[in-house]
Amino acid sequence: MSVSAKDVARVARLAELAVDDTELPALTAQMDRIVSFVAQLGALQDLDGAGTFLAGPERSPLRADVVNPAPLARPPAAIAPEFVDGFFVVPRLGAMEGSGAFGRRPLRWARGSPRPAA
Amino acid sequence: MGARLAAASGLNATLAWSGEALAAEAARADAMPARGALHGVPVAVKDNIVTVEQPSTCGSRILAGYVSPFNATVVERLRGAGALIACKTNLDEFAMGSSTEHSAYGRVLHPLDPERVPGGSSGGSAALVAAGVVPAALGSETGGSVRQPASFCGIVGIKPTYGRVSRYGLVAFGSSLDCVSVFGRTVSDAEGVLAVISGLDPLDPTTADRPPLEPQSPPASLAGTTIGIPREYFPADLHSGVKAACDSVIATMKELGAKVVDLSLPHAGYAVPTYYIIAPAEAAANLARFDGARYGARQPADGDVRALYRATRGKGFGAEVRRRILVGTYVLSAGYHDAYYNRAQAARARIAEDFTRAFASGVSYLFTPTTPTPAFKAGEKTDDPVAMYLADIFVCSANLAGLPALSIPIGRFEGLPVGGQLMAPPFAEAGMLAAAALLERHLDSTREVSP
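In order, the protein sequences belong to chains A and B. Under the numbering used here, read the first sequence as residues 34 to 151, first letter to last. Under the numbering used here, read the second sequence as residues 51 to 501, first letter to last.
Since the hints were derived computationally from the structure, they do not count as laboratory data. One thing to keep in mind: the hints can contain errors.
[Claimed, not checked] Each computed DMTMM-like pair below joins lysine to aspartate or glutamate, with the alpha-carbon atoms no more than 20 Å apart:
#  : chain 1 : residue 1 : chain 2 : residue 2
1  : B       : Lys-293   : B       : Glu-305
2  : B       : Lys-431   : B       : Asp-259
3  : B       : Lys-365   : A       : Asp-53
4  : A       : Lys-39    : A       : Glu-56
5  : B       : Lys-365   : A       : Glu-56
6  : B       : Lys-365   : B       : Asp-352
7  : B       : Lys-431   : B       : Asp-254
8  : B       : Lys-365   : A       : Asp-54
9  : B       : Lys-431   : A       : Asp-65
10 : B       : Lys-304   : B       : Asp-494
11 : A       : Lys-39    : A       : Asp-54
12 : B       : Lys-365   : B       : Asp-354
Given these sequences and hints, build the entire structure.
As structure tokens, this is what we get:
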């Protein structure tokens, strides 16, 4: 077994992918099967100095240095959850900070909103 | 058109279509001041190619209901030539699979045998063309996802040179491999669509600065053409029906005046493991954007924003996509990067060199079987991911080397289509297609082969 359940859990964390403990054994077995299969490249003896193959044109054609309009097929209001007076409406900064997303100590109020009564 | 789509609904090949949208498409084409090259031709579009008027789900729950704010370049070009976007087609989730069983919206049925798979990942597009619903359809290839289903369904599938067709609006899977590709009932149907969608696109800096493909009429013979037969593609245990069909094509090529030579592509056996390192590595990076914050469905979660990402991705992606993201992350992670990813990059360079050497030796095109067997049964390979990956053994090298390649139907075994593959040097599509069109005239693709 070259891939352990611990490896799968670590990689899942790196990939921001929730993996249920109940599915971990089956997933570990499949990962081990795949990784053991691709590991046969280890048998290739002539890879020194092979370099890297890049598909596509040798050089990217440059665009003319002009600003072209890039119109949307539908207005921003149609693709945003909320759009008022020309602005995207997003959650209050404090609400996101309070969720613990940005730092350990949650803020008690959002900047610009009334302070809670002491 | 609507009636034909409705009649084919049992195949589960379509994801989004409506009679109103079809009528609007027809009215739009009729109102065009000049008739384009594809005036009034209905073309089905794989659901990982974005469209403004239909949702683009990539066959995934994570993009359920997602509607793009722009059209892919290939869609704009089809409409500009007067084609009608007929429908969006079912696929393996994010184009990862070889049977179209890995769609969040159910599997696609093979048009000739409902118990079998149409191949994948562009199985919906292939099934609709094979069932006679549309004359042509767009698919996409990362590792053979158009040629393999074309072979299973008995139609033509063309993968162009990497850089021939814009990827703008093709949802990225493996960016160094992805190509918008085409299905047709005949070589000519598929070629007409490829000619319209090919060419430089300022919105995709990996497109080549070359004029669009110009269709050629088929030559009178294959005199002066050398066809290479790579022996690694004809192993001793090759399916007897596939082998018999290929042998008869080789005989036809000789009758048409081609010189046929045996040759070796020594690294061919390493294509599948190389592909299944590079493609998942690129997929793990490309699919990082689907996190519940920017696109599609969002899974509520307690805790910080990472909990939201994890829950959304954990619930939103299906089993095969999750496996590939995990494998891709594994081969790129500290401690494994050199042994897997860097090694695969070097192997890819050697695989590409094998082709360069073959074509430099005077070979015009290579001929091989497209798939190791005819269409397999649903469920036959879903328990073993590696068995499923090996269905791509003859097709994924062309993607690794960036080469143009096609599959044409060459016969039937026990009623199931068998496909033959031509591969060509970069940007040699026109000659390869002309040779394929000549072969098509001289082959009875519905003839039962006897091993």
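Here is how each hint holds up against the structure:
For the hint pairing Lys-293/B with Glu-305/B, the CA-to-CA distance comes to about 19 Å; that is within 20 Å, so the pair holds. This hinted pair does not check out: Lys-431/B and Asp-259/B have alpha carbons roughly 41 Å apart, beyond 20 Å. Of the pairs offered as hints, the one joining Lys-365/B and Asp-53/A holds, with about 10 Å between alpha carbons and a cut-off of 20 Å not exceeded. Of the pairs offered as hints, the one joining Lys-39/A and Glu-56/A holds, with about 13 Å between alpha carbons and a cut-off of 20 Å not exceeded.
For the given pair, Lys-365/B sits about 13 Å from Glu-56/A by alpha-carbon distance, which is consistent with the 20 Å threshold. For the proposed pair Lys-365/B and Asp-352/B, the alpha carbon gap of about 15 Å is at most 20 Å, so the pair holds. Restraint check for Lys-431/B and Asp-254/B: not satisfied, since their Cα atoms lie roughly 36 Å apart, outside the 20 Å limit. Distance hint between Lys-365/B and Asp-54/A is fulfilled; the C-alpha atoms sit about 14 Å from each other, no more than 20 Å.
Of the pairs offered as hints, the one joining Lys-431/B and Asp-65/A holds, with about 17 Å between alpha carbons and a cut-off of 20 Å not exceeded. Of the supplied pair hints, the one linking Lys-304/B and Asp-494/B holds, its CA atoms being roughly 16 Å apart against a limit of 20 Å. As the CA atoms of Lys-39/A and Asp-54/A are separated by approximately 11 Å, the hinted pair is consistent with the 20 Å bound. Taking the CA atoms of Lys-365/B and Asp-354/B, the gap is about 17 Å. The hint holds against a cut of 20 Å.
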